[in-house]
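Chains as they are written, first to last, in our numbering: chain A, 50 to 302; chain B, 50 to 302; chain C, 50 to 302.
Hints listed in this document are in silico derivations from the structure and should not be mistaken for laboratory results. It is possible that some hints are incorrect.
[What the hints assert, rightly or not] Restricting the straight-line Cα-Cα distance to at most 30 Å, the calculated cross-link-like pairs of lysine-lysine (DSSO-like) are:
1) A:Lys82 - A:Lys299
2) A:Lys51 - B:Lys171
3) B:Lys82 - C:Lys107
4) A:Lys70 - C:Lys70
5) A:Lys299 - B:Lys231
6) A:Lys107 - B:Lys70
7) C:Lys107 - A:Lys190
8) C:Lys133 - B:Lys231
9) B:Lys235 - C:Lys51
10) A:Lys231 - A:Lys190
11) C:Lys107 - A:Lys192
12) B:Lys171 - A:Lys258
13) C:Lys70 - B:Lys51
14) A:Lys103 - C:Lys51
15) A:Lys231 - C:Lys51
[Said to hold, decoys possible] From the derived model, a few chain B residues whose C-beta atoms are all more than 12 Å from chain A:
16) Arg62
17) Glu78
18) Lys107
19) Ser157
20) Phe205
21) Lys231
22) Gly232
23) Asp247
24) Asn257
[What the hints assert, rightly or not] Not close to chain B: a few residues of chain C, all C-beta gaps over 12 Å, as computed:
25) Ser98
26) Asn102
27) Gly124
28) Asn145
29) Leu146
30) Arg173
31) Lys186
32) Leu187
33) Lys190
34) Glu201
35) Leu238
36) Val246
37) Tyr263
38) Thr296
Built from N, CA and C at the ideal position, the CB exists for glycine as well.
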Amino acid sequence: MKAFNFLLDEIERGLTVMLDKGLPPKFIESYLKVCGDYIDFVKFGWGTSAIMNKDVVKEKISYYNDYNIDVYPGGTLFECAVLKNKLDQFFEEALNLGFSAIEISDGSLDISLDLRKEAIKKARSYGLKVLTEVGKKLPEKDKELNINKRVEMIKFDLSAGADYVIIEGRESGRGIGIYDEKGNVKEDLLKAIEENVDINKLIFEAPNKNQQVYFILRYGPSVNLANISYEDVVSLETLRRGLRGDTFNKLQY
Amino acid sequence: MKAFNFLLDEIERGLTVMLDKGLPPKFIESYLKVCGDYIDFVKFGWGTSAIMNKDVVKEKISYYNDYNIDVYPGGTLFECAVLKNKLDQFFEEALNLGFSAIEISDGSLDISLDLRKEAIKKARSYGLKVLTEVGKKLPEKDKELNINKRVEMIKFDLSAGADYVIIEGRESGRGIGIYDEKGNVKEDLLKAIEENVDINKLIFEAPNKNQQVYFILRYGPSVNLANISYEDVVSLETLRRGLRGDTFNKLQY
Amino acid sequence: MKAFNFLLDEIERGLTVMLDKGLPPKFIESYLKVCGDYIDFVKFGWGTSAIMNKDVVKEKISYYNDYNIDVYPGGTLFECAVLKNKLDQFFEEALNLGFSAIEISDGSLDISLDLRKEAIKKARSYGLKVLTEVGKKLPEKDKELNINKRVEMIKFDLSAGADYVIIEGRESGRGIGIYDEKGNVKEDLLKAIEENVDINKLIFEAPNKNQQVYFILRYGPSVNLANISYEDVVSLETLRRGLRGDTFNKLQY
Numbered sequence: 050m051k052a053f054n055f056l057l058d059e060i061e062r063g064l065t066v067m068l069d070k071g072l073p074p075k076f077i078e079s080y081l082k083v084c085g086d087y088i089d090f091v092k093f094g095w096g097t098s099a100i101m102n103k104d105v106v107k108e109k110i111s112y113y114n115d116y117n118i119d120v121y122p123g124g125t126l127f128e129c130a131v132l133k134n135k136l137d138q139f140f141e142e143a144l145n146l147g148f149s150a151i152e153i154s155d156g157s158l159d160i161s162l163d164l165r166k167e168a169i170k171k172a173r174s175y176g177l178k179v180l181t182e183v184g185k186k187l188p189e190k191d192k193e194l195n196i197n198k199r200v201e202m203i204k205f206d207l208s209a210g211a212d213y214v215i216i217e218g219r220e221s222g223r224g225i226g227i228y229d230e231k232g233n234v235k236e237d238l239l240k241a242i243e244e245n246v247d248i249n250k251l252i253f254e255a256p257n258k259n260q261q262v263y264f265i266l267r268y269g270p271s272v273n274l275a276n277i278s279y280e281d282v283v284s285l286e287t288l289r290r291g292l293r294g295d296t297f298n299k300l301q302y
Numbered sequence: 050m051k052a053f054n055f056l057l058d059e060i061e062r063g064l065t066v067m068l069d070k071g072l073p074p075k076f077i078e079s080y081l082k083v084c085g086d087y088i089d090f091v092k093f094g095w096g097t098s099a100i101m102n103k104d105v106v107k108e109k110i111s112y113y114n115d116y117n118i119d120v121y122p123g124g125t126l127f128e129c130a131v132l133k134n135k136l137d138q139f140f141e142e143a144l145n146l147g148f149s150a151i152e153i154s155d156g157s158l159d160i161s162l163d164l165r166k167e168a169i170k171k172a173r174s175y176g177l178k179v180l181t182e183v184g185k186k187l188p189e190k191d192k193e194l195n196i197n198k199r200v201e202m203i204k205f206d207l208s209a210g211a212d213y214v215i216i217e218g219r220e221s222g223r224g225i226g227i228y229d230e231k232g233n234v235k236e237d238l239l240k241a242i243e244e245n246v247d248i249n250k251l252i253f254e255a256p257n258k259n260q261q262v263y264f265i266l267r268y269g270p271s272v273n274l275a276n277i278s279y280e281d282v283v284s285l286e287t288l289r290r291g292l293r294g295d296t297f298n299k300l301q302y
Numbered sequence: 050m051k052a053f054n055f056l057l058d059e060i061e062r063g064l065t066v067m068l069d070k071g072l073p074p075k076f077i078e079s080y081l082k083v084c085g086d087y088i089d090f091v092k093f094g095w096g097t098s099a100i101m102n103k104d105v106v107k108e109k110i111s112y113y114n115d116y117n118i119d120v121y122p123g124g125t126l127f128e129c130a131v132l133k134n135k136l137d138q139f140f141e142e143a144l145n146l147g148f149s150a151i152e153i154s155d156g157s158l159d160i161s162l163d164l165r166k167e168a169i170k171k172a173r174s175y176g177l178k179v180l181t182e183v184g185k186k187l188p189e190k191d192k193e194l195n196i197n198k199r200v201e202m203i204k205f206d207l208s209a210g211a212d213y214v215i216i217e218g219r220e221s222g223r224g225i226g227i228y229d230e231k232g233n234v235k236e237d238l239l240k241a242i243e244e245n246v247d248i249n250k251l252i253f254e255a256p257n258k259n260q261q262v263y264f265i266l267r268y269g270p271s272v273n274l275a276n277i278s279y280e281d282v283v284s285l286e287t288l289r290r291g292l293r294g295d296t297f298n299k300l301q302y
């Protein structure tokens, strides 16, 4: 039972995707006792999975699985597999290691729509949940993606079979994807997205507190958020529940 | 015995209040071996206590108690209890969980002076140490508190029985309480405070290194500081002792 | 064997010097399973070693030694020993605690060249590896060091017997040493250095990701980098290997 449970309201909680960029296995084991119930997906950021030993990766994933958390390797690793023409081997290795989801992206590599579609379908055929990401890693490239193209891309991925589409924000949350240089949300882009797509199929990368507050105040605690630092999972849950000053007494459930 | 103890000077150390926003229990257990001697209070930030399981909260507190550290839930949780009209239940649950102190604040909620006084007295009657906080969470509201009002409020709390009064700085240390937009101390406010109140009854929230350095250079190592990140407790102790460049050879004991 | 090892290229990896400013021993033990292979030196920042118990320092060092990592106390502690005229005691205590390297610096204290040279030789006679640091902790003092003086100092240290010379960047990486106020590299200084000194004998303090990316893109993955946060060691290794967007498909090995 939760401490101070008489102060908690019932909420419909959105997905929380945590970023793991190299946490020690034993740390994770104890960490999940604190907030394992509030995490739905964990991403092993970019190519970090590839430089760890197999047994370490497996041990980490097993702790997450104990809390029914799906783990997936970052999209950059997928792109690395595409670049090296080893896509099947990549999916098979991911399954062997215990990953239950995969991220399909083209943040650093140009990938044709045909290949993107094929990769989504192939990942599903392997039994993997599929998250795709729309956005480029380099600001200059990301700026070339206009609003219409982004919305089209989201629709394309969903119709190709993606379970969720992630809206790029990177680890910094500034000058990229849905954020301007100061880390504020680009209103026109967000409006175009919400008018054209089911918001429940989207996950917004929101690494900074002000961004998490923004999305919760706009869409309520059920909004899906990604790139949450492991240090912020507890804080995010309190924001969703109005237990922190920024959302205290400001939410309707 | 301390390593390199022949390089350590004796100091009169002020209180250090650490912010715990969700640390894993096993992490805390090992962490305290490094710096448990340098922590006096731990705050479970805002409402974070309420979303953890009771046994996790109890386990965490017990590790802190092994080092004679008092633990208290953040003021926002107190305000939540006021809002829901469950103050007695709140104090009783706090005691049951092992908390030995409490924070009384009105950062997010307007609370009458009568109720504030009553809450301080009631907490003391439960045997809890009482820390109060002066300041608002929202910058626009915080700005309405002029210097005189802040000084009056501090005096009010102390005469009502507060053990210490915390001067608001939040987790960011910018544009709030005693800090301007850049995180620098507001000199006129600090002067008014130090001229009217016993500085030893105050605890300054100083989350950033430059703020910790500022207070130590101004008041010496005996100044009381709060909202110290768990990652900065060791650093703060070295600052108090002149073992870091910023205060090296600049302190008189 | 590494997970996804078929996606890894062989690289010639430069030295990675991690900053430990007070990590718990048990955390380190599990942490090293993730990335112990990618760390060459660990610095116990500034005077942090001196406020921990001897057995804690020894336990921490022993975990690092299991991965053949050399550990050394920060230069500020060396300067503290000079100030207190206890240099021999300092070296002996360092050896007793298990440190296998030492940092010689004058960041906070004016130290004569004669004494600097003597300290380097004495440390070597104790069997310690010697890293020296060129740069001052205070920006106003650091600015007085012009380009020629810095280059001369580097040469002086190497000819006196230093194994490596560290180029100052502090923990912040801004407005100090080789970085301007925004944290960008000072090109003219770096050019003067690389034209006059063997780059393999230098270690650049590069606490921020953009700085790590800069050096890797300029010198390749074999560049030596220091002041790497424990949270960034995995990320740095992926940057060296082109497994993160910032260096993906941009490196020649």
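Evaluation of the provided hints:
Restraint check: the Cα-Cα separation between lysine 82 of chain A and lysine 299 of chain A comes to about 29 Å, which is no more than 30 Å; the hinted pair holds. For the hint pairing lysine 51 of chain A with lysine 171 of chain B, the CA-to-CA distance comes to about 24 Å; that is within 30 Å, so the pair holds. For the hint linking lysine 82 of chain B to lysine 107 of chain C, the alpha-carbon distance of about 12 Å falls within 30 Å, and the restraint holds. This hinted pair checks out: lysine 70 of chain A and lysine 70 of chain C have alpha carbons roughly 20 Å apart, not beyond 30 Å.
For a cut-off of 30 Å, the pair hint linking lysine 299 of chain A to lysine 231 of chain B stands: about 28 Å separates their Cα positions. Distance hint between lysine 107 of chain A and lysine 70 of chain B is fulfilled; the C-alpha atoms sit about 28 Å from each other, no more than 30 Å. For the suggested pair lysine 107 of chain C and lysine 190 of chain A, the alpha carbons sit about 49 Å apart, so the restraint of at most 30 Å is broken. Annotation: proposed proximity of lysine 133 of chain C to lysine 231 of chain B is violated, straight-line Cα distance about 37 Å (limit 30 Å).
Proposed proximity of lysine 235 of chain B and lysine 51 of chain C is contradicted: the alpha carbons are some 53 Å apart, above 30 Å. The suggested pairing of lysine 231 of chain A with lysine 190 of chain A holds, with an alpha-carbon distance near 18 Å, which does not exceed 30 Å. A C-alpha spacing of about 52 Å is found between lysine 107 of chain C and lysine 192 of chain A, which places the hinted pair above 30 Å, so the restraint is violated. With a C-alpha separation of about 34 Å, the suggested pairing of lysine 171 of chain B with lysine 258 of chain A is violated against the 30 Å cut-off.
About 16 Å separates the Cα atoms of lysine 70 of chain C and lysine 51 of chain B, which keeps this hinted pair within 30 Å; it holds. With a CA separation close to 5 Å, the supplied pair lysine 103 of chain A and lysine 51 of chain C stays within the 30 Å bound. Between lysine 231 of chain A and lysine 51 of chain C the alpha-carbon distance is near 38 Å, which puts this suggested pair outside the 30 Å criterion. Interface exclusion of arginine 62 of chain B from chain A stands, the closest Cβ pair being 27 Å apart, more than 12 Å.
For glutamate 78 of chain B, the non-interface assignment is contradicted: its Cβ lies about 9 Å from the closest Cβ of chain A, within the 12 Å cut-off. With a closest Cβ-Cβ approach of about 8 Å to chain A, lysine 107 of chain B is found to fall inside the 12 Å limit, against its non-interface label. Listed as outside the interface, serine 157 of chain B is inconsistent with that label: its C-beta sits roughly 4 Å from the nearest C-beta of chain A, within the 12 Å cut-off. No Cβ of chain A approaches the Cβ of phenylalanine 205 of chain B within 12 Å, the least distance being about 22 Å, so the stated non-interface status holds.
Here lysine 231 of chain B stays apart from chain A, with its beta-carbon at least about 16 Å from theirs, past the 12 Å limit. With a closest Cβ-Cβ approach of about 16 Å to chain A, glycine 232 of chain B is found to remain outside the 12 Å limit, as its non-interface label requires. With a minimum CB-CB distance of about 28 Å to chain A, aspartate 247 of chain B clears the 12 Å threshold, and the non-interface call stands. Every Cβ of chain A is farther than 12 Å from the Cβ of asparagine 257 of chain B; the closest lies at roughly 16 Å, confirming the non-interface assignment.
Serine 98 of chain C, annotated as away from the interface, has a beta carbon of chain B within 12 Å; the closest lies near 5 Å. Residue placement check: asparagine 102 of chain C does not keep its beta carbon more than 12 Å from all beta carbons of chain B (closest about 6 Å). The beta carbon of glycine 124 of chain C sits about 9 Å from the closest Cβ of chain B, which is not more than 12 Å, so the claim that it is off the interface is violated. Separation of asparagine 145 of chain C from chain B is inadequate, the least Cβ-Cβ distance of about 9 Å not exceeding the 12 Å criterion.
With 12 Å as the threshold on Cβ separation, the claim that leucine 146 of chain C sits away from chain B is violated: the shortest Cβ distance comes to roughly 6 Å. Against the 12 Å criterion, arginine 173 of chain C stays outside the reach of chain B, whose nearest CB is about 20 Å from its own CB. Distance to chain B contradicts lysine 186 of chain C as a non-interface residue, since its nearest Cβ pair spans about 3 Å, not more than 12 Å. A beta-carbon of chain B comes within 12 Å of the beta-carbon of leucine 187 of chain C; the shortest separation is about 7 Å.
Annotated as non-interface, lysine 190 of chain C brings its C-beta within 12 Å of a C-beta of chain B; the closest such distance is 10 Å. In this structure glutamate 201 of chain C is separated from chain B by more than 12 Å, as the shortest Cβ-Cβ distance comes to about 23 Å. Its beta-carbon lying about 21 Å from the closest one in chain B, leucine 238 of chain C satisfies the requirement of being farther than 12 Å from that chain. Here valine 246 of chain C stays apart from chain B, with its beta-carbon at least about 25 Å from theirs, past the 12 Å limit.
The beta carbon of tyrosine 263 of chain C sits about 24 Å from the closest Cβ of chain B, which is more than 12 Å, so the claim that it is off the interface holds. Look at threonine 296 of chain C: its CB is around 27 Å from the nearest CB on chain B, clear of 12 Å, so calling it non-interface holds up.
Violated hints, in rising order: 7, 8, 9, 11, 12, 15, 17, 18, 19, 25, 26, 27, 28, 29, 31, 32 and 33; the structure is consistent with all others.
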